[in-house]
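Listed here are the chains, written in short residue letters.
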Amino acid sequence: MSARVGILSFAHVHAPNYAAVLGRLGSAEFVGVADDDAERGREAARRYGVRFFESAEGLFDAVDAVLVCSENGRHAGDVIPALRAGVDVLCEKPISTTVGDAHEMIRAAEETGRRLGIAFPVRHAPAVRRAREIVRSGAIGRVLAVNGTNHGQAPGGWFLDPEMSGGGAVMDHTVHVADTLRFVLGVEVRSVYAEIGTFFGTRGVDDAGVLTLEMEGGVADGAFATVDPSWSRGAGYPTWGDLTLRITGSSGVLDVDAFSRSITTFDHESGGTLWTPAGGDPNALMLDDFLRGAEGGPEGGRVGAGGGDGLRALEVVLAAYRSGESHAPVGIARG
Amino acid sequence: MKVGVVGAGFMGSVHLAAYANMPGVEVVGVADADEEAAAAGAASVGARPYPSYEALVSAEGVDVIDACLPTALHRDLAVKVAGDGKHLFLEKPISRTLEEAGEILSAFEGSGGRLFVGHVVRFFPEYVRIKAMIEAGDLGTVGVARTSRRSPFLRGWNDWYADWRQSGGVLVDLVIHDFDFLRWCFGEVERVYARGVMGREYNRLDYALTTLRFEGGPIAHVEGHWGYPAPFEYSIEVAGSKGLVTADSTEAAPLKLLQVADSVGGVPDVAVGESPYQAELEHFVRCLRTGEEPVVGGRDAREALLVSLAAVESVRTGEPVTLGARA
Numbered sequence: 010m011s012a013r014v015g016i017l018s019f020a021h022v023h024a025p026n027y028a029a030v031l032g033r034l035g036s037a038e039f040v041g042v043a044d045d046d047a048e049r050g051r052e053a054a055r056r057y058g059v060r061f062f063e064s065a066e067g068l069f070d071a072v073d074a075v076l077v078c079s080e081n082g083r084h085a086g087d088v089i090p091a092l093r094a095g096v097d098v099l100c101e102k103p104i105s106t107t108v109g110d111a112h113e114m115i116r117a118a119e120e121t122g123r124r125l126g127i128a129f130p131v132r133h134a135p136a137v138r139r140a141r142e143i144v145r146s147g148a149i150g151r152v153l154a155v156n157g158t159n160h161g162q163a164p165g166g167w168f169l170d171p172e173m174s175g176g177g178a179v180m181d182h183t184v185h186v187a188d189t190l191r192f193v194l195g196v197e198v199r200s201v202y203a204e205i206g207t208f209f210g211t212r213g214v215d216d217a218g219v220l221t222l223e224m225e226g227g228v229a230d231g232a233f234a235t236v237d238p239s240w241s242r243g244a245g246y247p248t249w250g251d252l253t254l255r256i257t258g259s260s261g262v263l264d265v266d267a268f269s270r271s272i273t274t275f276d277h278e279s280g281g282t283l284w285t286p287a288g289g290d291p292n293a294l295m296l297d298d299f300l301r302g303a304e305g306g307p308e309g310g311r312v313g314a315g316g317g318d319g320l321r322a323l324e325v326v327l328a329a330y331r332s333g334e335s336h337a338p339v340g341i342a343r344g
Numbered sequence: 004m005k006v007g008v009v010g011a012g013f014m015g016s017v018h019l020a021a022y023a024n025m026p027g028v029e030v031v032g033v034a035d036a037d038e039e040a041a042a043a044g045a046a047s048v049g050a051r052p053y054p055s056y057e058a059l060v061s062a063e064g065v066d067v068i069d070a071c072l073p074t075a076l077h078r079d080l081a082v083k084v085a086g087d088g089k090h091l092f093l094e095k096p097i098s099r100t101l102e103e104a105g106e107i108l109s110a111f112e113g114s115g116g117r118l119f120v121g122h123v124v125r126f127f128p129e130y131v132r133i134k135a136m137i138e139a140g141d142l143g144t145v146g147v148a149r150t151s152r153r154s155p156f157l158r159g160w161n162d163w164y165a166d167w168r169q170s171g172g173v174l175v176d177l178v179i180h181d182f183d184f185l186r187w188c189f190g191e192v193e194r195v196y197a198r199g200v201m202g203r204e205y206n207r208l209d210y211a212l213t214t215l216r217f218e219g220g221p222i223a224h225v226e227g228h229w230g231y232p233a234p235f236e237y238s239i240e241v242a243g244s245k246g247l248v249t250a251d252s253t254e255a256a257p258l259k260l261l262q263v264a265d266s267v268g269g270v271p272d273v274a275v276g277e278s279p280y281q282a283e284l285e286h287f288v289r290c291l292r293t294g295e296e297p298v299v300g301g302r303d304a305r306e307a308l309l310v311s312l313a314a315v316e317s318v319r320t321g322e323p324v325t326l327g328a329r330a
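These protein sequence lines map, in sequence, to chains W and F.
Take the first sequence: its letters are residues 10 to 344, numbered as in our numbering.
Take the second sequence: its letters are residues 4 to 330, numbered as in our numbering.
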């Protein structure tokens, strides 16, 4: 049985990827699109051969689940009405730009009994799933430290408007690594130190940073991790970016490259080089997991991230921005 | 030019091999407290072995002393060499403490001898090329530099690397290479924040991740590992507004040698072309002949140590260390 699915807003650059996946996913019936930018929504609906809904409410009435791909600052305003309309929601990351919004979204899910998922596809990357098993098997001893990256390119548009995005590279990418650390190691982040800057020609928001996280719990209690979320890749880079972890343990090292360059293509006409991954597509695995409400993930539950996971990742980002101002480690009081 | 090598351990033998290829340079004596090491080192270049620096310098008319000793012995030897009016090629780090570094620098002021410190990464061809690209503006405004240096645990004389009081651990002995290189590229460091396992791990392992903020703006992330369970590896990435450059010892190797037995330790084997150690020593010799300034001076060596010790302090306190105030 497949779930009827809609996409609310094509503001986020990931929306077209999700739409393409929905079209070929057995667990999904892609029903339609709603978008506050009607022209953008109509164009997307036409491209994927689905219906355009004039209102979000109309879309909610026609689906079981909705993917919210609006601007970060609009997530709460889109997600809460969807939940209240009785629809399961998979919300693009970050969950929101404020802790207050995140709490309201989580509360709405609890009150309505609908599911709120957060789109952290890295959890579903086969290399990351396997890394979780390897580290927990004790193969590298006690985990001491993690050197993590999530590089990419500055997306442009509303991503450069702090009102809508909540911040630049540090907001956009830190959440992926923070969530992956929590997923792989079972840790929580206790405090954050950050150096943040704008160097690569981005206007309006930060495009570079290096964060250091102190971790507690799980299989890395007392370990530390660094995160480089910089938009330091550009048009000349052979792929969109990366997500890597070098996990150093007391008796070994595990290098994780979630989107490893399995295939290299040299295009003689453009002169360009392209790296593309091979194997399981994390977006497809994530959407399938969410739509099936799949059991059989870690500890028998779903692999996918929920609202609480989204909040934990957001707290790391907000602490990083405060540390970037104060030049001191900032503790996280998990709310 | 007559050279006396003091310390015929692992690095001493690398230096001896470099001198053997250098016209106009003669190694006349090799000193080591370990009689066998002195004899083997001396035999490799046709020099005479000595049990100590004093014995070597009183028997041989040397111009230059090349010291490849445990770090904790640098100060005492350097002050003697300066007092004897000789030139000194000193392995990095310049010393274990800033006080010792200050004493060494003062000893050479007006001594008639010159001091050179072996920050050899400034002679690795890929690093030289990256520095030139940054300087030429090829990368535009640099935002983030990432470096990594991962070494098996070294077993030196008396296992001195494993004694943090003598070696300073991975930040003072190994990561100092990258701190020096990054200072060369980006100037003075404003803030240092580091986390490491020193004092928490005793199984011949030290690991640290350091963030540097430079006065001119860029951020650097520096990884250092002692006790890496594989042969030596290093990498660097520099990201700017106009481009990104990377070099990784695991990806680009003109020669790749695979052996059944594990090889432990060892210097990075560039294998093709001139060794960076040879390039470094040739540069020092040329500076002595021409009077030109070296690409890395005694003050640079002291500043790199300052950054390393700030990182050690940050690991200890959990707080960032601001350098502007204390430099």
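Please keep in mind that the hints were generated in silico from the structure rather than gathered at the bench.
For each residue, glycine too, the CB sits at the ideal point set by N, CA and C.
Treat the hints with care, as some may be off.
Claimed, not checked - One side only, chain W facing chain F, incomplete, derived with CB under 8 Å: (1) Phe209; (2) Arg212; (3) Glu225; (4) Val228; (5) Thr235; (6) Asp237; (7) Ser241; (8) Trp249; (9) Thr253; (10) Gly261; (11) Tyr330; (12) Gly333; (13) Pro338.
For each hint, the structure was consulted:
1. Checking Phe209/W against chain F by beta carbon gives a least distance of about 5 Å; that is within 8 Å, so the hint holds.
2. With its C-beta approaching chain F no nearer than about 12 Å, Arg212/W sits outside the 8 Å limit, and its interface hint is violated.
3. Given hint, Glu225/W at the interface with chain F, is violated; its Cβ is 14 Å from that chain's nearest Cβ, farther than 8 Å.
4. Because the beta carbon of Val228/W sits about 16 Å from the nearest beta carbon in chain F, more than 8 Å, this interface hint is broken.
5. Checking Thr235/W against chain F: minimum C-beta separation of about 5 Å stays under 8 Å; hint holds.
6. Of the supplied interface hints, the one on Asp237/W holds, with its beta-carbon coming within about 6 Å of a beta-carbon of chain F, less than 8 Å.
7. Interface restraint check: Ser241/W against chain F, minimum CB-CB distance 3 Å, threshold 8 Å, status holds.
8. This hint is violated: Trp249/W has a C-beta 13 Å from the nearest C-beta of chain F, more than the 8 Å allowed.
9. Given the 8 Å rule on beta carbons, the hint for Thr253/W is violated: about 11 Å separates it from the nearest Cβ of chain F.
10. Here the hint on Gly261/W is kept, as its CB sits about 6 Å from the closest CB of chain F, short of 8 Å.
11. This hint is violated: Tyr330/W has a C-beta 15 Å from the nearest C-beta of chain F, more than the 8 Å allowed.
12. Violation of the interface hint for Gly333/W is found here, the shortest Cβ-Cβ separation to chain F being roughly 10 Å, above the 8 Å cut-off.
13. Hint on Pro338/W holds. Least Cβ distance to chain F is approximately 7 Å, under the 8 Å limit.
Consistency note: the structure conflicts with the earlier hints numbered 2, 3, 4, 8, 9, 11 and 12.
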